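Undergrad: Assemble chain B onto chain A, guided by the hints.
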Amino acid sequence: MSDTGDALSGQTAHAPEPFQFTGTGAEYFGIWIVNLLLTILTVGIYSAWAKVRRMQYFCRHTEVAGSGFDFHGNPLRILVGRIIAVILLFAYQVSVRLHSPLTLVVIALLAVVLPWLLRSALRFRLHNLSWRGTRFRFAGSLGGAYRVFLLNFFLAGITLYLLAPFTHQRLKAYQHGNSWFGQTPFTFHARAGQFYLRYLLIVAAIAGAVALVIVSGIGAEFIALSRAGKSGAPQDPRVAFRVIGMLYAVIILLSVSIGPVFRALMTNLIWNNTRLGEHRIECALSPWMLIWLTLSNMVAVIVSLGLLTPWAHVRWMKYEMSCIRLLPASDLGEFQAAAPEDVGAVGEEVASVFDFDIAL
Amino acid sequence: MVAASYFDGRSTRVRDVRLSVDGPVLRISGEDVELSVAIADVRIDEQLGRAPRRLRLPEGAYCEVRDVDHLATLLEAMGHRDGWVDRLQRKGLAVTIAVVACVAIAAVGYLWGLPLGAAALAERLPAGVGTTIGTQVLRVLDGGVLQPTGLPESRRNELSRRFSELRKAAPEIREARILFRRSPALHANAFALPDGTVVLLDDLVASMNDDRLILAVLAHELGHVSRRHTLRLILQSSAVGAFLTFYVGDVSQLLAAAPAAALQARYSRELETEADDYGAALLARNGLSPALLADALERLVQTTHEQAHPAVEGYVASHPPTDERMKHLRALAKTLGSL
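Chains as they are written, first to last, in the numbering used here: chain A, 1 to 360; chain B, 1 to 339.
All the pointers check out, no bait thrown in.
Below, a list of computed lysine-lysine pairs in the DSS-like style, where the Cα atoms sit at most 30 Å apart:
1) K327/B <-> K168/B
2) K318/A <-> K91/B
3) K91/B <-> K51/A
4) K168/B <-> K334/B
5) K172/A <-> K51/A
6) K318/A <-> K172/A
A short, non-exhaustive set of chain A residues, derived as facing chain B with CB atoms under 7 Å:
7) E27
8) I33
9) L36
10) Y57
11) T134
12) G333
13) Q336
14) A337
These aren't lab readings, by the way, just hints derived from the structure by calculation. These numbers were taken from a predicted model, which means no experiment stands behind them. Where a beta carbon is used, it is the ideal one built from N, C-alpha and C, also for glycine.
Chain A with its partners taken away, still in its complex shape (with noise of 0.2 Å):
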C-alpha cells in the first residue's frame, strides 16, 4: 500500500461514521405479517423463529461505516429460553396470588436463579450480534451479576429507591464494561452523580405535574361542593367521573412522556460515556422527538389495530439511530476478533443460555 493510500485512509478513519438504518415500514411489514401468521398457526412455538428474523432484519439493516450488523441467535436455543421464562413468570404469578408459605421459597429461588440467568441473557445477546464478521462478547463474572443483580437492587428497595440511580450506574458499569468486540473491549466511564442529577430532574418534572393536579383537583372539587350545596343532594357523581377522567388523562400524558424521556437522558448519558477502546460514542436523542414518536405511534398503532406496529419500529430505528455516530480514533479495519479457542469455549457456554429479553 502507498503512503498517501494510508494518509487518505487514516484521515477518513478519523471523520465521525454517523450510524443509520436503512429498513423500511414496507419491507418489513411482510416479513412480521408472515411470521405472525407462522407464529399464531403453531400456539407461539414458531416466535423464536420469528425473533430471529426480526433481528436479523434490525441489525443487518443497521450500519455504520458502511457495514451493517448481524445476529447469530439459534431459534432453538430461544424457543427454550422462552419456555423456561414463561414457567418462571407462571410460577411467580401463581405464588403471589397465593399468599402461603411457598411464595417465600419461589421468590428466594427466583432470587437465586435471576442474576445468573441475567447475565446469561446479556452473554447471549453480545455473542450472538456481531460487525464485519466480528462478534461482540460479554465476560461479566458471575459474582458480579449477584452484586448489582440481587445486592444493588436489593439496596435500592430498602433505600426506598434513594440508591436507584447509583445501581442503575452500577448496572450499566457491569453491563457495558465487561463488554468486548472481538479483543477490543468497551469502558464505562459515566458517574453516579450523573445519573442522580438526570434522576432528580425527571422527579422534579413528575413532581411539577402532581403538584399541577393538586391544584386543578382542588378547583373541580370546589365546583362539585358549590353544586351539591346548591341542588342539596349529596353528591353528584358525573363531577367525580370528571375529576377521575382528567385525572386518567394526566396520569396517560405523564406515562406517555416519562418514559421517552427517562429514555433520552439516560441512552445519551450511558452512549456518551462509553468507549470501545479508544473509540468514542456520541448518542444525542432528543426527548421531545422521542415523546412526538411515542405518542404519534402509540396513536397509529391503536388506530390500526396492531397493524402498523413494524412501521412503529423502524420509525423509532430510524430516528435513533440517526442521533449516534462512532467517533474512530484510528481505523476501523484493525480489530481483531477473539482468538478462535476462546470462541469455542464461550460457544459451548452459550449452549445452555437462555434468550431471556431485558431492556436495562
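TA: Relative to chain A, chain B alone:
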C-alpha cells in the same frame, strides 16, 4: 461476476472481491484473496428486505453482496433456492393473505373463541376458584363503591328467607347467598359474584312496590350464578387484559382488573336472555309468574327516568335492551303459565 465484500471472520478488514461460479465451486477473487469454496459448503442467508445478503463460508468467513438483484443470477447458477418463508415474506399476495388471515383469526378469536373458551373454562374450574375471586372482588367493592345496608334487620331477614325459598327450586346451584349493601354510585342494582353471592342494593329494594318483583330480579341473578356468567366475564376480560399486557408489557395488572370487570360488566344480550329464561323458569317453579321479571324491569326503567342523575343508569345500563326482554319474558310467561 458479482461485486462483494469479503470478511475473513478474524478481523474487521473489508476486502473488495468478485464472485463467480465455476461448476461445483464458488470463486472469490480480489485484493489479498483468492479462494475456491465448494458450493455445497456455502450457506446463503435469507433475503431480508434490501439488506446486503451474506454468503457464509466455512470458519466464520463470509461475503456480503449489496446488489441483491445482481446476486439472484449468481444464486441461480449455484442452484440455490430460497426457503419458502423467505419467499412468502416478499410476495405481495402472500403478505395480503397473511394480513387477512391474522385479522380474521383475531376477530373470530375475540367474538367466538373467547366466550366459548371462557365458558368451557368456567365449567371446569373448581368451585374454590369462584369462591376466592368472589371474596376478593367483594373485598375490593366493599372498600369502594359499596356501603353497609340501611335496611332494618327484620326486612333483611324477610328477604333472605324468601331468597332461600326461591333458591330451593334451584338445587344445581351449590352455593348461593344474599348480601345487602347500599351504593350511591350504583343506585338501584343487583349483581351476582362468581362465588354465588347475589348483592342486592337498598335502592333496588326501595324502588319495588311488591316483594315478588324483588324475587324476580333475584331469580334472574341466580340465572347468572347458575350459568357462571360473572366468572366467564372475569375470565374473558383477564384474557384480553393478559393479551394486552403481553402486547404492551405490564404483567402485574393482570388480575387487578377483575373487580372492575365484575362491576362494569355489560352482559351480552345472549347472557341476559339466558339469565332471563332461567329466572323465568325458576319463578314458575316457585309458583310465581315469569311476567314478574318483566314488571320488575319496567319498574326499574321508570325509576331510572325519575332519578336525578341520568349519567348513572344503574341496573338498566348494565342490563341492556329492556323492551325486547320484557316482550320475550311476557311471551314466556304465557307458555309457562299454560303448563
